[in-house]
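**Q** Chains V, P and B are the protein sequences, given in the same order. According to our numbering, the residues represented by the first sequence are 1 to 213, in order. According to our numbering, the residues represented by the second sequence are 1 to 219, in order. According to our numbering, the residues represented by the third sequence are 1 to 295, in order.
Read the hints as simulated data drawn from the structure, not as lab findings. Worth double-checking, as some hints may not be accurate.
In silico lysine-lysine, BS3-like type, Cα no more than 27 Å apart, as pairs [claimed, not checked]: (1) 260(B) x 102(B); (2) 59(B) x 168(P); (3) 260(B) x 212(B); (4) 212(B) x 133(B); (5) 253(B) x 97(B); (6) 168(P) x 135(V); (7) 288(B) x 260(B); (8) 179(B) x 59(B); (9) 97(B) x 212(B); (10) 212(B) x 179(B); (11) 27(P) x 212(B); (12) 59(B) x 260(B); (13) 97(B) x 260(B); (14) 260(B) x 210(V); (15) 27(P) x 97(B); (16) 97(B) x 135(V); (17) 59(B) x 212(B); (18) 260(B) x 168(P); (19) 253(B) x 133(B).
It should be emphasised that the depicted structure is a prediction, and the values quoted were computed from it without experimental measurement.
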Amino acid sequence: MSIIEFLQIWIIAFFTLSLFSFLYRDNPFYRLAEHIFAGLSAGYYVGLVWNSVIIQQMIDPMFDNGRWWLIFPGFLGVLMFSRFSRNYSWISRLSLAFVMGNTAGIFLLSELHGKVLPQMQSTMLSLNPGQGFAKFILALVVVVGVLSTLIYFYFSKEHRGALGGIARIGIWFIMVSFGAHFGYTVMARISLLIGQVQFLINDWLGSLIKIFA
Amino acid sequence: MKTTVPIITAFLSGLVMLLVFFFNPEKSAIGRLEPEVLSWVTIVGGFTLLLGVVSIVRVNYGAVKRRKEGWKYKIATLISVFAMAVPAVISPRVSPLFGTAPGSIYDWLFNNLDAPMMSTMFAMLSFYIASAAFRAFRARNAEATLLLLTAVTVMLWRIPMGEIMLVKIHHSLPEIINSYIMNGANMAVQRGIIIGAALGAAAMSLRIMLGIERTYMGK
Amino acid sequence: MNILLILAYVLLFLAGAFLLYMAFRTDDRRFIYLSVAFYVIFPVLVTLRLPTSISPEAKQLYDAVEALPDSSTVLLTFDYYPSTLAETEPMSRAALKHLFRKNCKVLTMTTVPLGGPSIAERVTREIAGQYGKIYGIDYVNLGYKANYVAVLKGMGSSIEAIYPTDNSGTPLSQIPMMKHIENYSNIDFIFAVSDNAIVDYWISIVHAQYGKRVGAGVTAVSAPQYFAYLDAGQLAGMLGGMKGAAEYEMLVKQPGSAVKGMTAQSLVHLFIVFSVIAGNATYLAKRKRRGGEKA
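Modelling step: build the complete structure from the supplied sequences, incorporating the hints.
**A** Structure representation (structure tokens):
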């Protein structure tokens, strides 16, 4: 292991343990690590935008391929910064409207065509008991679950009478789904901790063992 | 004028994307417009990423200037921003340490400081979720009991040790959980949510294009 | 040795139960943090390999990739932040190993600004080096471009319009592998590894409009919602969380960090289940006592 690799591991371990120290209590090491992290994350965006947008998408195509009209989207992008001016922030609306309108146009069709229709189609299941008990029960669960969930989330009418009854069934289904979500979420969070502990034990403590061994 | 021009821009920008959906990009003029318009959108979108950076520098600089509480830590934030940004914008032709390629200062700072710290921040959530499980998750009523029972069942089902336990109760219990909980009730609810959210998103998109929804423009 | 190992784990459970009792007595949540730390550190130090079953959705994804003809072109996305590396990086590694073993051409990209390009560069180069793959011929990293909706839609007509160059600035026209890849019609499969809702858009924009098969590796937080897409046939398969990553590692016969992490995952899950039961037992006992006192 080289000196640089050794130093790298120890720097990572220092900041990792500094952040974990917050679990005991707030302290200067945690606050320093937290502030450095915020700064580095912000600085990352500068390099990313400079490289992937300004150089690769504007300057290189403009000078190498003669696509001079790309100055216009660049100008629209710069107009975004007018948001920081109290008197001229309205100028940024043009850039925002261009992006938001474009995204809205894509979403309007893709949400209906790519989500609503295929999902509705898959819900149109046969409720024929002749297809077998297990399949019939599963189909019933799916159809009742989808409809009752949609009715539960319909808040334009008060949940009373038949609507209220179906919404009640929807709540039961939602509790099962949220329970499953919670179980998976626990798994997700624990996995992240396992990753960090694997680094601390295998790499950091391992570097110590390599020195003494 | 300050509102009308942006509304018209949003409408035209969205209309182009609606029309290209129905036209062949190789055979029609409007279809050929699609990649150019979308490349413009990605360029404009890139500049929005810098808004947060400008904001963070302004806020932290102001706090340091006015010696607000914790101002010494804000100096560390500002130094970090420039330590990452400045080497990244200098051409790598000056030195391989500059630019954003592997081996540069930018790449080193990200892989050895930023990424591990981000991972650690989120890893701490596991402690909080364990604490919440013991202190806060209570079966106060029938619905909460159902939620907790499902959560416990799924947590056991997802781990090797838990699967062994479930199989001992009934040999096909893991398949039943997969079929009736994950691919049954859970899938049904998620489908309902997907349909509802997609309809809402489509409605919102139409409102933005028609200029009814203007909150994205600010005051 | 086995008996010693079992004894060690039994002592660990007793220690955890004691810490939970102390947390209850002193109302100090740091005892709970300490027990979670024990349950994660111990299995990393003392490994106990447990059999990992393969879920149907992971097998589905593996079979979908395995069924691709060798030398197919696959788009592998690194749509995740560094915060979820423990779950998502093992998926990317296993996927790359699978694809390179099949001699697939791999095109990588990311829609995540913070860290996506750097992670894609690091992981792809490392795995490509293990399989002797050459950049520009066997794999290309496109990098990041802003506004993921525009990127996903734009690549349908022209990848070069959205990505004039690769991540390092080389024009796509100068990269041998990209000479035959113009848009989605030249891509055979999309393997999206993600920690956010971008998979929804890979499905609703790319799969729905361009008919491309999409397989997903997602974090455990988002996995439950994708069962609806799996059932509708909009997803070719799915890996959910670290378990999903472990399953794929087992399927490609290259066990890695995800498989090793499953023991710690098991212990902490059992501890949390025990905490939930213990917490509710004390709550019900208190409620009964209060009810008895009122009477």
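**Q** Honestly, which of those hints from before does the structure not fit?
**A** Numbers 3, 7, 8, 15, 16 - these are the hints that the structure violates, sorted from lowest upward.
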